[in-house]
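Each protein sequence line maps, in turn, to chains A and B. Take any residue in the first sequence, count from 1 to its spot, add 1: that is its number in my numbering. Take any residue in the second sequence, count from 1 to its spot, add 109: that is its number in my numbering.
Incorrect hints may appear among the rest.
Reference excerpt, derived from the structure (chain B facing chain A, CB under 7 Å, subset only) [as the list claims (entries may be wrong)]:
no., residue
1, Ala-178
2, Leu-180
3, Val-182
4, Ala-304
5, Gly-602
Keep in mind the hints are simulated off the structure, nothing from the lab. Positions of the beta carbon are idealized from the N, C-alpha and C atoms, including for glycine.
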Amino acid sequence: MADTREITVTINGETETREVETRLNLADFLRHELELTGTHVGCEHGACGACTVLVDGEAVRSCLMLAVQADGHEVTSIEGLAAADGTLHPVQQAFWKNHGLQCGFCTSGMVISVVAFLEDNPDPSEAEVRTALSGNICRCTGYQGIVAATLEAAETLRGEN
Amino acid sequence: MVRYTGAEVQRMEDPRLLTGHGRFVDDIHLPGMLYAAFLRSSHAHARIRSIDASAALALAGVHGVFTQADLAVPDTAQPMNQLYPSPVIHQDITQHPMATDEVCYVGQTVALVAADSRAIAEDALALIAVDYEPLPAVVDCRTAQADDAPMAHVGTDTNLGGQLRSAFGDIDEAFAKADHVFSASFMQHRGGCHAMETRGVLARDEPYGEGLTIWSSTQCPYMVRRALANYLGEPEGRVRIIAPDVGGGFGPKAGFYPEEIVIPVVARQLGRPLKWIEDRREHFTATTGQRDQQWDLEVACDKDGKMLGLRGVITHDNGAYMPYGALLPFTSITPLPGSYAIPALDVRLDVVFTNTTPTTPVRGAGRPYGIYAVERMVETIARELQIESAEVRRRNFVRSDQMPYETGAKLRDGMPVRYDSGDYHACQEKALELADYAGFAARREAARAEGRYLGIGVSACIEDTGVGPYEGSTVRIEPSGEVMVRTGAASQGQGHHTMIAQIVADQLGVRPDDVLFEAADTAKFPQGVGTIGSRVTANVGPSSYDAASQVRETVLKLAAETLEAAEQDLELEDGEVRVAGAPDVKVTLGELAMKLAPMSGGKVPAGFKPSLEATSYLGSSGSPIASGSNVAEVEVDIGTGEVKVLRYSVAHDCGIMINPMMVDGQIIGGVVHGIGNALFERMIYDDQGQPLTTNYGEYLLPLASEMPHIDIVHQETPSPLNPLGVKGAGEGGTIPAAPAIVAAIENALSDFGVVIDYYPVDPQYLTGLIDAAGAQAAE
Chain A
2 MADTREITVT INGETETREV ETRLNLADFL RHELELTGTH VGCEHGACGA CTVLVDGEAV
62 RSCLMLAVQA DGHEVTSIEG LAAADGTLHP VQQAFWKNHG LQCGFCTSGM VISVVAFLED
122 NPDPSEAEVR TALSGNICRC TGYQGIVAAT LEAAETLRGE N
Chain B
110 MVRYTGAEVQ RMEDPRLLTG HGRFVDDIHL PGMLYAAFLR SSHAHARIRS IDASAALALA
170 GVHGVFTQAD LAVPDTAQPM NQLYPSPVIH QDITQHPMAT DEVCYVGQTV ALVAADSRAI
230 AEDALALIAV DYEPLPAVVD CRTAQADDAP MAHVGTDTNL GGQLRSAFGD IDEAFAKADH
290 VFSASFMQHR GGCHAMETRG VLARDEPYGE GLTIWSSTQC PYMVRRALAN YLGEPEGRVR
350 IIAPDVGGGF GPKAGFYPEE IVIPVVARQL GRPLKWIEDR REHFTATTGQ RDQQWDLEVA
410 CDKDGKMLGL RGVITHDNGA YMPYGALLPF TSITPLPGSY AIPALDVRLD VVFTNTTPTT
470 PVRGAGRPYG IYAVERMVET IARELQIESA EVRRRNFVRS DQMPYETGAK LRDGMPVRYD
530 SGDYHACQEK ALELADYAGF AARREAARAE GRYLGIGVSA CIEDTGVGPY EGSTVRIEPS
590 GEVMVRTGAA SQGQGHHTMI AQIVADQLGV RPDDVLFEAA DTAKFPQGVG TIGSRVTANV
650 GPSSYDAASQ VRETVLKLAA ETLEAAEQDL ELEDGEVRVA GAPDVKVTLG ELAMKLAPMS
710 GGKVPAGFKP SLEATSYLGS SGSPIASGSN VAEVEVDIGT GEVKVLRYSV AHDCGIMINP
770 MMVDGQIIGG VVHGIGNALF ERMIYDDQGQ PLTTNYGEYL LPLASEMPHI DIVHQETPSP
830 LNPLGVKGAG EGGTIPAAPA IVAAIENALS DFGVVIDYYP VDPQYLTGLI DAAGAQAAE
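Input sequences plus hints: build the corresponding full structure.
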């Protein structure tokens with residue numbers, strides 16, 4: 002029988018306790034156990050970045066982390082980013098305004114990665130943004146709208162617009 | 110009055126997608142659902158002696174293991190139907206939903222496991238024992254017709270699957286009278302799909318209800334419905350296909366796949382909903398893509414570089430089966446001779462089978478091959494006659510006063526290729542100006558002083574868009590006053606909802622936010638074609654416009670009666686019809702809709718039909734031809750062979766733009782796809798037919814860090830073929846990208862006389878050329 006373990010994870014502010022298979026990865030835990038399907042799985046080998054979530058504030062590829070490793074930690078997924086009243090996070094707002102998404106599949110991971118990046122580097126150059134985004138693959142946009150959105154969100158978060 | 114057509118309206122799709130509330134196939138969970146995994150061939154070519162699934166069946170949580178023989182279909186010996194039959198196909202070989210006794214490429218479906226979880230299903234795959242007898246494989250299309258080539262399929266005596274020809278004018282005369290004849294041979298390699306969402310299929314059967322319901326990550330739900338109903342021998346009305354949110358398509362999701370038969374059939378046999386989600390490794394071999402074409406061309410020209418004729422032979426790597434007819438080969442040669450007025454053409458294209466994943470269109474389909482080829486010949490003339498390539502183009506472009514211009518070629522449906530409108534000269538000048546082409550010599554010189562090698566490359570393209578025959582739309586005003594638009598056209602991220610809402614809002618005097626949208630569900634709209642070939646704006650645009658115009662007429666007629674006013678005195682704005690000069694005399698769209706939607710005991714006003722709605726299938730009368738000129742500026746590191754794209758400029762003409770922001774998105778995304786083709790994306794097979802690039806460490810997709818900022822300028826030459834003046838925009842970025850990049854690399858290395866005969870131009874290949882050129886110079 003499959004090896005299981007009980008874990009307790011804080012997800013988007015809510016505490017969840019579940020019995021999970023030890024081989025279950027965090028992405029599948031979020032998607033299939035917690036039904037938070039906003040986290041998308043694009044490659045399952047840590048290359049595309051679509052499944053990126055925040056674990057204790059750090060950007061993590063949830064396909065490369067086991068659910069049991071999240072035990073006792075705080076996870077933020079795309080569903081936890083907007084305000085309770087539905088107001089979009091400045092990064093989400095900037096993606097919308099700058100046409101930073103088309104099909105929307107890579108978007109969750111892109112937005113989360115940008116949120117984490119701007120925490121570390123609140124005033125990046127375009128070149129720094131492009132380097133930061135190089136861990137997330139988008140097939141639709143050609144990245145230009147995403148780069149523009151990141152620069153604009155940085156301004157907003159710095160209180161400059 | 111606000112006009113939304115032509116405005117950069119923010120997309121209505123986005124808030125949902127930005128907050129994680131999209132609904133992709135894998136996000137749908139049905140009660141009692143089981144999960145599937147496919148066992149796929151590990152051999153490029155082999156005979157299957159036996160399959161033993163007993164150990165897999167014994168695994169706890171496994172509900173069944175199925176091979177082709179186990180499927181409850183009318184005839185398990187029946188291969189899948191040809192989607193696009195054509196007389197040019199000599200050997201119409203399609204695969205079975207799962208292999209019978211022979212596998213012909215790595216990744217071909219062999220068996221399916223259904224289990225309580227995907228993990229258990231994958232565990233069970235490892236327990237299925239298949240006894241294969243390996244057979245020789247043919248892998249390289251260039252040697253597939255050699256006398257000693259292995260056959261891709263047992264029992265055949267040639268790998269030639271079909272042959273196409275495009276010819277017009279007097280080719281012999283053109284070559285006889287030419288001042289110069291130049292030849293060029295080159296291989297082109299285009300990569301695969303790589304939508305960030307892989308394919309997926311979920312099926313449920315309701316034997317006493319509507320039959321099968323299938324959610325598929327498809328571009329063409331009506332094609333899936335037709336093909337599945339045909340294979341099962343059941344009426345289309347008993348097969349409902351829904352394309353929910355689809356995470357990118359790019360062509361390969363437009364086909365009909367084995368999984369789209371096997372999953373519904375097994376769901377029905379097990380009496381449980383069944384879901385299959387392709388993993389990324391599967392995607393590399395189970396999803397079709399493009400690959401190799403070998404081109405051997407000759408061009409005849411006069412002393413000024415004016416082209417007189419083009420002829421040659423092309424070999425197309427078709428992969429192991431032909432699921433998609435000859436569409437990819439057709440679209441490779443029908444764009445010839447590109448943007449140029451060349452009086453004579455004669456090209457032949459051989460479609461050959463190889464033991465590799467079948468090839469079908471990827472963004473641009475065959476057009477990027479065809480345009481690359483003709484642009485190569487322009488560059489060849491420029492190099493040989495020492496004329497700037499932009500000038501060679503000027504001397505050869507179809508002129509705007511020649512529009513509409515018939516090239517002499519014929520489309521798949523036998524209709525002549527006719528360029529409807531455009532100004533290719535002006536478009537190129539715009540691109541050159543945007544790129545500061547005139548200032549390049551100084552930039553190049555400054556860089557050389559630092560030991561850096563800069564190059565500039567120009568390309569031009571045409572794109573036949575908006576293929577018919579229809580893509581309809583129903584526009585209905587709801588009693589709430591909102592407007593509901595229903596269409597068959599599936600979206601894979603293009604923003605159809607927003608684009609159509611803008612068109613309809615202008616006709617009905619509402620805001621785009623008031624326009625609701627339902628698409629890509631065969632139960633909600635009766636007939637559609639699909640989202641391929643940059644066709645939606647040029648088909649659903651006109652049909653939505655026409656349907657909304659008809660509704661507008663009804664609205665005004667009914668309002669005139671209601672308000673006791675003359676129609677010509679009425680204004681339709683802000684969701685209301687008002688009498689001009691008497692703004693208080695008004696009726697809302699919702700009130701008018703309610704008049705045509707009474708309940709029992711009510712009455713529909715005389716002269717009107719129930720439900721305030723109209724349906725139209727109006728499309729474009731012919732294929733609107735978009736065009737563009739691109740300029741790439743690159744830096745080549747002559748030591749490492751690394752190519753950096755420093756600057757990229759696009760002048761593009763897709764007629765009237767509904768939403769310029771979204772057009773830019775299509776162009777930029779398309780250019781980056783094309784740069785990926787030119788520099789990075791390579792699907793490699795070894796000589797046994799084993800794929801060597803099956804993850805994103807081995808297969809390189811373009812990343813933000815390698816891409817330049819792309820500058821765009823638009824030229825809007827209206828298409829006369831539809832009432833909106835629109836042309837398609839989805840592929841015009843991709844088509845001219847590789848020729849511009851490759852020309853720029855050659856330009857950077859002009860001191861070395863490097864001629865590129867292959868793309869993607871990776872560092873190993875390029876350093877090889879530079880070294881060879883250096884060695885030659887030293888001799």
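We went through each hint and held it up to the structure:
| no. | hint | result |
| --- | --- | --- |
| 1 | Ala-178 | violated (31 Å) |
| 2 | Leu-180 | violated (28 Å) |
| 3 | Val-182 | violated (31 Å) |
| 4 | Ala-304 | holds (6 Å) |
| 5 | Gly-602 | holds (3 Å) |
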